[in-house]
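Top line first, the protein sequences correspond to chains A and B. In this text, residue positions in the first sequence follow this note's numbering: the first is 541, and each later residue adds one. In this text, residue positions in the second sequence follow this note's numbering: the first is 3, and each later residue adds one.
Everything labelled a hint here was simulated from the structure, so no lab data went into it. Even for Gly, the Cβ is constructed at its ideal location relative to N, Cα and C. There may be inaccurate statements among the hints.
What the hints assert, rightly or not - Computed beta-carbon distance windows for the label pairs:
#1 Val178/B / Leu716/A: 36 to 46 Å
#2 Asn192/B / Arg778/A: 31 to 41 Å
#3 Thr194/B / Ser780/A: 40 to 50 Å
#4 Arg324/B / Tyr779/A: 16 to 26 Å
#5 Gly724/A / Asn192/B: 51 to 61 Å
#6 Arg324/B / Asn734/A: 48 to 58 Å
#7 Ser219/B / Glu775/A: 46 to 56 Å
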Amino acid sequence: MSAQALSPKPMSSMKATEMTSAESPTERLRSFFYMCRSHGNTGLLVLLGLLFLTFTILLPGRFATHDTMVSMMFQLPELGLLALAMLFPLLSGGFNLAIIATTNMAALLMAWIMVTYVDPTGGNAGLIVALALLAGLVTVILVGAFTGYLVATLNTHPILVTLGTMSIISGFCVWLTRGKPIAGFPESVQSLGNAIYLGIPLPFWIFTAATIAVGLLLSRTRFGISVYMVGSNLEATRYSGINTRNVLISIYAASSVLCWCAAILMMARFNSASAGYAASYLLITVLAAILGGVDPNGGFGKVSGLFIALLVLQVISSGLNLLGVNTQLTQATWGGTMIVVMAVRYLIARFGWFKPRRKLAKSTV
Amino acid sequence: MHNLLTQFKRSSEAYLTAVILLFIVILGVLTPDFLTLNNWVDLIESYSVTAILAIGLFVVLVTGGIDISFAATASVAQYVAAYCAARLNLPAPVVLLAGAAIGTLLGCFNAFLIDRLRATAIIITISTMSVYFALLMYFTSGKSIYGLPAWWSDSVVLFEWATGPDESVRLTLPIVVMVLVAVVTAFIMNRTSLGRQLYAMGGNPEAARRVGVSISSMQWFAYGYLGLLAGIAGLLQAHRVGESVPNAMIGSELNVIAAAVLGGASLMGGIGSVSGVVLGILLLAILRNGLNLLGVSPYFFQIIIGVILLASTGITGLSLRRRRVAEVS
Numbered sequence: 541m542s543a544q545a546l547s548p549k550p551m552s553s554m555k556a557t558e559m560t561s562a563e564s565p566t567e568r569l570r571s572f573f574y575m576c577r578s579h580g581n582t583g584l585l586v587l588l589g590l591l592f593l594t595f596t597i598l599l600p601g602r603f604a605t606h607d608t609m610v611s612m613m614f615q616l617p618e619l620g621l622l623a624l625a626m627l628f629p630l631l632s633g634g635f636n637l638a639i640i641a642t643t644n645m646a647a648l649l650m651a652w653i654m655v656t657y658v659d660p661t662g663g664n665a666g667l668i669v670a671l672a673l674l675a676g677l678v679t680v681i682l683v684g685a686f687t688g689y690l691v692a693t694l695n696t697h698p699i700l701v702t703l704g705t706m707s708i709i710s711g712f713c714v715w716l717t718r719g720k721p722i723a724g725f726p727e728s729v730q731s732l733g734n735a736i737y738l739g740i741p742l743p744f745w746i747f748t749a750a751t752i753a754v755g756l757l758l759s760r761t762r763f764g765i766s767v768y769m770v771g772s773n774l775e776a777t778r779y780s781g782i783n784t785r786n787v788l789i790s791i792y793a794a795s796s797v798l799c800w801c802a803a804i805l806m807m808a809r810f811n812s813a814s815a816g817y818a819a820s821y822l823l824i825t826v827l828a829a830i831l832g833g834v835d836p837n838g839g840f841g842k843v844s845g846l847f848i849a850l851l852v853l854q855v856i857s858s859g860l861n862l863l864g865v866n867t868q869l870t871q872a873t874w875g876g877t878m879i880v881v882m883a884v885r886y887l888i889a890r891f892g893w894f895k896p897r898r899k900l901a902k903s904t905v
Numbered sequence: 003m004h005n006l007l008t009q010f011k012r013s014s015e016a017y018l019t020a021v022i023l024l025f026i027v028i029l030g031v032l033t034p035d036f037l038t039l040n041n042w043v044d045l046i047e048s049y050s051v052t053a054i055l056a057i058g059l060f061v062v063l064v065t066g067g068i069d070i071s072f073a074a075t076a077s078v079a080q081y082v083a084a085y086c087a088a089r090l091n092l093p094a095p096v097v098l099l100a101g102a103a104i105g106t107l108l109g110c111f112n113a114f115l116i117d118r119l120r121a122t123a124i125i126i127t128i129s130t131m132s133v134y135f136a137l138l139m140y141f142t143s144g145k146s147i148y149g150l151p152a153w154w155s156d157s158v159v160l161f162e163w164a165t166g167p168d169e170s171v172r173l174t175l176p177i178v179v180m181v182l183v184a185v186v187t188a189f190i191m192n193r194t195s196l197g198r199q200l201y202a203m204g205g206n207p208e209a210a211r212r213v214g215v216s217i218s219s220m221q222w223f224a225y226g227y228l229g230l231l232a233g234i235a236g237l238l239q240a241h242r243v244g245e246s247v248p249n250a251m252i253g254s255e256l257n258v259i260a261a262a263v264l265g266g267a268s269l270m271g272g273i274g275s276v277s278g279v280v281l282g283i284l285l286l287a288i289l290r291n292g293l294n295l296l297g298v299s300p301y302f303f304q305i306i307i308g309v310i311l312l313a314s315t316g317i318t319g320l321s322l323r324r325r326r327v328a329e330v331s
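Construct all of the structure, not just a fragment, from the sequences and the given hints.
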């Protein structure tokens, strides 16, 4: 078995400039496909296009409509923000099982402050809401930083560390609330969930902004590069003079901040907060990230891939929903999509489809 | 003998035994009900299903893999068996065989994907978990099966002895099955060449491959065995509660992983023992039971699991680092 030799790492060193004009048309087509593949997201975009086309044909006048698009843009952001929260640890070769617990904790804390201190006659709502948001933000950053510190110092797999913190956080939430939801927020919070600006729902604006911010953070800053380096090789990163402990602390703190964003959206949408919300999203976020081309071992992956993967999942679920397919079955297709995509990626890597045959040998030397 | 003793002192089993004894003493002093035989039998029985799952998961963890889908596998096996028994009125042996076979099959399907796609086990099993569970919920519409036949739902008492005028201690089927599973697994892992190969693969897959261990066969065995045990656990769980609820076992995955890791298994593979896993389960069972008797809110238990998990993995991780530093210097 030569798993290493066959592993589907694209040859990123292959550039378009290496393709000469002295190729036959089929060879040029081959090179084009290969170039697309090594660029990353083309396969996913093709999948997205195909799905979109299929549903448009299957549901004439019902899928490709303004209403459907808007409802998709209302549904996507929660899973999207949580998937972004999972992205940072995944890129660093880790895992954050505590994202849902952190989200619910932040939502419960903010909900409790609002419900307890907002004067029912109005007046102080704005101030209290702002204070609640600030309190939530500070708490999640502290929790995230502490998780990161534990990951960096305990010398244990992040899955176990975050399994522990998840257990503690959600245990506290359930214990303090006895499992009951907290409901009844000021108008300003509720309006967040259904406001529409320029034809696009506010949650989707928030999600898009967060995606762009994360993208810039990962590709344009010292911290972002450190995240990838830690994911590729922690020890080498340490020896290259980067304080890996601080990087890990920042990674889990950033992950928590995204949970805080998700918490605000969830509060606005459900008009309540509970320790039990969104539990089924936990592992789906991992699927979305891997579907988007993130390497589960860390070090590789882009925000753009994740974004398209989320669109793919949302198109599948909205389309099947309109077709009248059961929600449970939709979830099964998500898992099935993941397996099929992995199989296709493996087959491409295994049998070298779309690889320009003659050029490959030279470029690898 | 001296050698064995020093070896034991260093092992995680020794830590666990010490911690368990400490808790037994504390809880025994605080609550008089704790140290009764009845309570202990109840306590062990209530954790028998979790223990079987944890032992199965341990075999996968030893190879350096992980499985998230076993609870879904157990649910599917249980439901199919319950359907065969309650709706199709099939005889007991066929039903039991069906449950075990479905479990093994679903486990082998995981192995097939992991082996053939050369993909990370956690990603594959998250996917299959979502597929298995969603299909189960779809085909059953979430409906439970109540009227299980008497041979299945009646509690089986293998041994009974009176401890008082109206009291008696009963050795029931779940405990016996759990002990059998533990003994058989321990035998496979410690006394057979198969077990040594599983450990070797977890320790260093490349080295194991070069000395002639078939990585594929090991994966098929590990995931298939976990599937089989998940099927058995599913059957037992229905036996205990007398019905089959499709989502009854979902959500226990992470707790089972915590129990296996608490018992000394590592997500890196290659280490751990069945006795450690059993001790880990025992620790959780004692704590839950003791806190219950002390009147502590059951909600609080989850926090304690988290703290214990962090503490135990932290101690292991730090001691590994210290040992490595000592070796270097």
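Hints, verified against the model:
At about 41 Å, the CB distance of Val178/B to Leu716/A agrees with the hint of 36 to 46 Å. Remark: the range hint 31 to 41 Å for Asn192/B to Arg778/A is upheld by a beta-carbon distance near 38 Å. Between Thr194/B and Ser780/A the Cβ separation comes to about 46 Å, which falls inside the hinted range of 40 to 50 Å. A hinted range of 16 to 26 Å holds for the C-beta pair Arg324/B and Tyr779/A, which are about 20 Å apart.
The hinted range of 51 to 61 Å is satisfied by Gly724/A and Asn192/B, whose Cβ atoms lie roughly 59 Å apart. Checking the proposed 48 to 58 Å range against Arg324/B and Asn734/A shows it holds: the Cβ atoms sit about 56 Å from each other. Range check, Ser219/B to Glu775/A: Cβ separation about 33 Å, and the 46 to 56 Å hint is violated.
Violation of the numbered hints given earlier is confined to hint 7; every other hint is satisfied by the structure.
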